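Each chain, letter by letter, is given below.
There are 2 protein chains.
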Amino acid sequence: MADMIYRVNMATMSFKIEDVPADWMGLGGRGLTSVIVASEVDPECHPLGPNNKMVFAPGLLSGTSAANSGRNSLGAKSPLTGGIKESNVGGTLAGIMAKLGVKALIIEGIPEDDSTFYHIHVSKNHVKIEAVPNLVGKDNYFVLDAMEKKYNKKVAVMTIARPGEMKMLVSNISVRDPKGKLRSYGRGGLGAVMGSKKIKCITIDAENYKEVTYANSDKFKEASKIFTKSLKDNPISGEGMPAFGTNVLVNIINEAGALPSRNFRTGNSENAEKICGETMAENIKARNGSTTHGCHAGCVIQCSQTYNDKDGNYLTSGFEYEMIWAFGANLGIDNLDTIAAIDALMDDLGLDAIEMGVCLGLAVDAGILKYGDGEEAFRLIKDEVPNGTPIGRILGAGTGYLGKLYGLVRVPVVKNQSIPAYEPRAIKGQGVTFVTTPMGADHTAGYAVGSNILNVGGTVDPLKKDGQIELSRNLQIASAAIDSTGMCLFIAFSAIDDPVCLPALIDMLNARFGTTLTGDDVTNLGKMILKTERAFNIKAGLTSADDRMPEFMKYETLPPHNVTWDFTNEEIDEFWNF
Amino acid sequence: MADMIYRVNMATMSFKIEDVPADWMGLGGRGLTSVIVASEVDPECHPLGPNNKMVFAPGLLSGTSAANSGRNSLGAKSPLTGGIKESNVGGTLAGIMAKLGVKALIIEGIPEDDSTFYHIHVSKNHVKIEAVPNLVGKDNYFVLDAMEKKYNKKVAVMTIARPGEMKMLVSNISVRDPKGKLRSYGRGGLGAVMGSKKIKCITIDAENYKEVTYANSDKFKEASKIFTKSLKDNPISGEGMPAFGTNVLVNIINEAGALPSRNFRTGNSENAEKICGETMAENIKARNGSTTHGCHAGCVIQCSQTYNDKDGNYLTSGFEYEMIWAFGANLGIDNLDTIAAIDALMDDLGLDAIEMGVCLGLAVDAGILKYGDGEEAFRLIKDEVPNGTPIGRILGAGTGYLGKLYGLVRVPVVKNQSIPAYEPRAIKGQGVTFVTTPMGADHTAGYAVGSNILNVGGTVDPLKKDGQIELSRNLQIASAAIDSTGMCLFIAFSAIDDPVCLPALIDMLNARFGTTLTGDDVTNLGKMILKTERAFNIKAGLTSADDRMPEFMKYETLPPHNVTWDFTNEEIDEFWNF
Numbered sequence: 001m002a003d004m005i006y007r008v009n010m011a012t013m014s015f016k017i018e019d020v021p022a023d024w025m026g027l028g029g030r031g032l033t034s035v036i037v038a039s040e041v042d043p044e045c046h047p048l049g050p051n052n053k054m055v056f057a058p059g060l061l062s063g064t065s066a067a068n069s070g071r072n073s074l075g076a077k078s079p080l081t082g083g084i085k086e087s088n089v090g091g092t093l094a095g096i097m098a099k100l101g102v103k104a105l106i107i108e109g110i111p112e113d114d115s116t117f118y119h120i121h122v123s124k125n126h127v128k129i130e131a132v133p134n135l136v137g138k139d140n141y142f143v144l145d146a147m148e149k150k151y152n153k154k155v156a157v158m159t160i161a162r163p164g165e166m167k168m169l170v171s172n173i174s175v176r177d178p179k180g181k182l183r184s185y186g187r188g189g190l191g192a193v194m195g196s197k198k199i200k201c202i203t204i205d206a207e208n209y210k211e212v213t214y215a216n217s218d219k220f221k222e223a224s225k226i227f228t229k230s231l232k233d234n235p236i237s238g239e240g241m242p243a244f245g246t247n248v249l250v251n252i253i254n255e256a257g258a259l260p261s262r263n264f265r266t267g268n269s270e271n272a273e274k275i276c277g278e279t280m281a282e283n284i285k286a287r288n289g290s291t292t293h294g295c296h297a298g299c300v301i302q303c304s305q306t307y308n309d310k311d312g313n314y315l316t317s318g319f320e321y322e323m324i325w326a327f328g329a330n331l332g333i334d335n336l337d338t339i340a341a342i343d344a345l346m347d348d349l350g351l352d353a354i355e356m357g358v359c360l361g362l363a364v365d366a367g368i369l370k371y372g373d374g375e376e377a378f379r380l381i382k383d384e385v386p387n388g389t390p391i392g393r394i395l396g397a398g399t400g401y402l403g404k405l406y407g408l409v410r411v412p413v414v415k416n417q418s419i420p421a422y423e424p425r426a427i428k429g430q431g432v433t434f435v436t437t438p439m440g441a442d443h444t445a446g447y448a449v450g451s452n453i454l455n456v457g458g459t460v461d462p463l464k465k466d467g468q469i470e471l472s473r474n475l476q477i478a479s480a481a482i483d484s485t486g487m488c489l490f491i492a493f494s495a496i497d498d499p500v501c502l503p504a505l506i507d508m509l510n511a512r513f514g515t516t517l518t519g520d521d522v523t524n525l526g527k528m529i530l531k532t533e534r535a536f537n538i539k540a541g542l543t544s545a546d547d548r549m550p551e552f553m554k555y556e557t558l559p560p561h562n563v564t565w566d567f568t569n570e571e572i573d574e575f576w577n578f
Numbered sequence: 001m002a003d004m005i006y007r008v009n010m011a012t013m014s015f016k017i018e019d020v021p022a023d024w025m026g027l028g029g030r031g032l033t034s035v036i037v038a039s040e041v042d043p044e045c046h047p048l049g050p051n052n053k054m055v056f057a058p059g060l061l062s063g064t065s066a067a068n069s070g071r072n073s074l075g076a077k078s079p080l081t082g083g084i085k086e087s088n089v090g091g092t093l094a095g096i097m098a099k100l101g102v103k104a105l106i107i108e109g110i111p112e113d114d115s116t117f118y119h120i121h122v123s124k125n126h127v128k129i130e131a132v133p134n135l136v137g138k139d140n141y142f143v144l145d146a147m148e149k150k151y152n153k154k155v156a157v158m159t160i161a162r163p164g165e166m167k168m169l170v171s172n173i174s175v176r177d178p179k180g181k182l183r184s185y186g187r188g189g190l191g192a193v194m195g196s197k198k199i200k201c202i203t204i205d206a207e208n209y210k211e212v213t214y215a216n217s218d219k220f221k222e223a224s225k226i227f228t229k230s231l232k233d234n235p236i237s238g239e240g241m242p243a244f245g246t247n248v249l250v251n252i253i254n255e256a257g258a259l260p261s262r263n264f265r266t267g268n269s270e271n272a273e274k275i276c277g278e279t280m281a282e283n284i285k286a287r288n289g290s291t292t293h294g295c296h297a298g299c300v301i302q303c304s305q306t307y308n309d310k311d312g313n314y315l316t317s318g319f320e321y322e323m324i325w326a327f328g329a330n331l332g333i334d335n336l337d338t339i340a341a342i343d344a345l346m347d348d349l350g351l352d353a354i355e356m357g358v359c360l361g362l363a364v365d366a367g368i369l370k371y372g373d374g375e376e377a378f379r380l381i382k383d384e385v386p387n388g389t390p391i392g393r394i395l396g397a398g399t400g401y402l403g404k405l406y407g408l409v410r411v412p413v414v415k416n417q418s419i420p421a422y423e424p425r426a427i428k429g430q431g432v433t434f435v436t437t438p439m440g441a442d443h444t445a446g447y448a449v450g451s452n453i454l455n456v457g458g459t460v461d462p463l464k465k466d467g468q469i470e471l472s473r474n475l476q477i478a479s480a481a482i483d484s485t486g487m488c489l490f491i492a493f494s495a496i497d498d499p500v501c502l503p504a505l506i507d508m509l510n511a512r513f514g515t516t517l518t519g520d521d522v523t524n525l526g527k528m529i530l531k532t533e534r535a536f537n538i539k540a541g542l543t544s545a546d547d548r549m550p551e552f553m554k555y556e557t558l559p560p561h562n563v564t565w566d567f568t569n570e571e572i573d574e575f576w577n578f
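Protein chains in written order, with the numbering used here: chain A, 1 to 578; chain B, 1 to 578.
Just so you know, same-sequence chains aren't split out, so a pair can sit in one copy or run between any two.
As a list, the in silico DSS-like pairs of lysine-lysine whose alpha-carbon atoms are at most 30 Å apart:
(1) Lys149 with Lys382
(2) Lys128 with Lys179
(3) Lys198 with Lys149
(4) Lys16 with Lys554
(5) Lys370 with Lys382
(6) Lys539 with Lys554
(7) Lys539 with Lys527
(8) Lys198 with Lys554
(9) Lys198 with Lys370
(10) Lys16 with Lys99
(11) Lys274 with Lys285
(12) Lys229 with Lys179
(13) Lys210 with Lys179
Hints were generated in silico from the structure; no laboratory data involved.
Remember, it's a predicted structure, so these values are computed and weren't measured experimentally.
Next comes chain A alone, as it looks inside the complex (with noise of 0.2 Å):
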């Protein structure tokens, strides 16, 4: 049966389930939410009125046997950055939507009985809404459990805890892993999307569905085999990333002086050894932890891990290189096991890990709290934030709006989003992404730390400005078009310097779909992707005044490598001309 879209509608408490439109056909994940997002979404709409949209659609490949394929996109207008927005996540979500059929599950509107919030469960053709009168106020894991009981069988959860609720921009919407814990669409504030439409958890049942099919079953496993292959053998897919997660990074950035510290102050942090995912590893192995686990099922990477606690109970999963780095060198709390526990809380609570840390790096300056103090940064994401108090709803808010409440100048956002753990003045290349990509400061969109640091791709100095400008235009393209396929993006360090990977992929996707791709093909609908975000930007009042680096980075030199990021706006605008 063909795959077909659901659309719910909160206003009138109602759905509808429609063919796939040709135009659509051919797209999933990212290239799908952005094509539905610009074409029915008005890009002056306030992003947390009725005229807002969110479009879930897993990728392409999601719900078949390929390795690492089960990233699910979400799209809307952000309210963080007042543009659009695609972020993706794990989880089992993406198989189960694919199998169940759904190209894209659309929901516009907001309840006319805004007075509770309400639970959406999809299953085969057919879309229940009912008010969970009984699950607001609560936060993740919480609503996890109630809809464990409710269904005894997996289904996929996506859920917002109270910060979402309350509609503030550090929430993210939570997804439930294969092992029951959660990975988030991290960005942008869309947990406050989905709060200002009074949708506490969504669930996904597709029992007794069945696998995906494929035009050419044989084809799909022979290049699917090649593919799995040649992540295993890449030297950071296969080796890197399992032994010490996406945390192997600390030392190296930190080496590289580009590990921001102290709210972007320097590029050194004085903590790198006590957090660095050496460290970490280590600490797991002593801890009964696991340094391998995969967000979702097929992964072959394994990036993830359990982090236990001194007496060897779990404390955190999925604790990432941008977490640790946030909190660790940008806030400068030199203890991991404190780090791992806001990461936990942060998880139940359903916040940017980004935002957040990045937010509470710059409360420094505004006096809120002190370097290092890691308790009291607990205590406000424990206490404040999620009870909205006065000073929660400002550092709920997010990095951004705390710098206007406090007349701050050093503030590190791109379109208002928190810029991750690469200082941009040191990574030029990283830096280069941050300011063009239509997503505000995001690492993920085009990951030029590949070949500015680590080698891969070949090798362009981090600190100067030569070939940046070209070679984030090209890894943005080809991101967009593996954020379509519901591929991890970490298949990229295999499918740069690997010359039988992206065959192998695009192989995958003519073998599932019955088509003839090309490398073409696929380049060209990273730059559709590419130039329908930027356009609907365009229309929502973004304009190349915010492809800027804050204006500090221009005049402040940072250490050790004294460098300014000095790029022309003439040198960035260039970007665009593709």
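For chain A, the structure is supplied; the task is to place chain B on it using the hints.
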């Protein structure tokens, strides 16, 4: 001696006195500040960073004997709107600057030693900058007293209070008026810009300097007489405003169904009778106050007043319609004395009455206070805002950011600046001004209330779209020109309805400078100013998408007329086709 440009650099703690460039020679007030800001300030700079500038300039006729010519302009990039800002003020400043021969005072840079605040004293051919640690943390009247003691003579004084020191966006810059009370550069958060430059106060001393010179003194006197008579003969500027002040508008706008009430939910206030100009005038008379008072020497309209409490003790002055509306109708306080006490408090603290009032109206939606709770409003403004508590920081950032922090959709701002006391849905011409002026929602930028409601300058149906774009455009062009002369905008009632008024104004300009300006020249000046401001804003990243009413006004009908904001984007964008 020719007028000069005084330029102060806070980074180097130095000053220069420069000849006036030929391009600036014919400009004054808003025309001059906007041209200087556009030519010297990077539109992309952080408004609170080292690259913003403050430009003060008296009007072309300031310092002369012309009636109502005492307005002084201040230009900068606004930290509230992100665009260019011109704000003008009465008080003794414009006359003193003009007599001293200061064509413009430009302040740039930020001190390296930002541990204290500074006092800038401008006198003939000299600028003195000194640290004033004893004034840090003090409010406006304390500074006024200190300056009076220090100089023992009449100097012009500009000052910020604690909110300005803290770079809050509701903070304005206060200016001493002839009676030792305060007027203010009210809007756009310019107090925060002064705070960012660590300037506590500026004094200007014109002692022993003479009246400005005239190319033809007799012609000036002749034109001045005609002009003054015209203002006095006009029923609004000659009768209504002296009798009831600007607050005469409460009943008029309420009857028109356009008095925004309870955060712009209805066009009628149940409090109108209790807070209107007529009630205010009765109180003033019964309590030995004064209904007339000019904010600057030479004012013949005298719309200001002295408002005493029940015991006849001074309570406040400069008690304006916008203030009374914001707290009386929009926040629902029905006691004029309470509003007067808040007004006096806000004078001392240097807060923009519109931004603060509208923000508190929205704060009801955020659950921060209740409608009509004047006591709590007073407490929030007195104890929370100037102490920079978390809730004080939230309210101190103004309406737009309060909306962001609390996920609110019904947020009455344009370009992040609060909408003043005229419901755009019910006075559509005024709404066109709110969305199109480069200043952010501003009632003075093009006062379409005149012909929409007051039958001044023709009659246009306020509930219909017909003719409103052209009306607002013409008014904005005229207002930009008037704002360059140093004239109070209230001369407009006469200028529009009395055929001798505007020619007399032009005659005064020509007699002062020996020029041969025509009406067309004045119109072209207005057009040039608007286009210069718009061009700055475009470069700063504002677009047509910022020329929009809050979305809720498009789908929510306003009682009693049950009207929406029904202009299409294309209709609004037509505004700039001139």
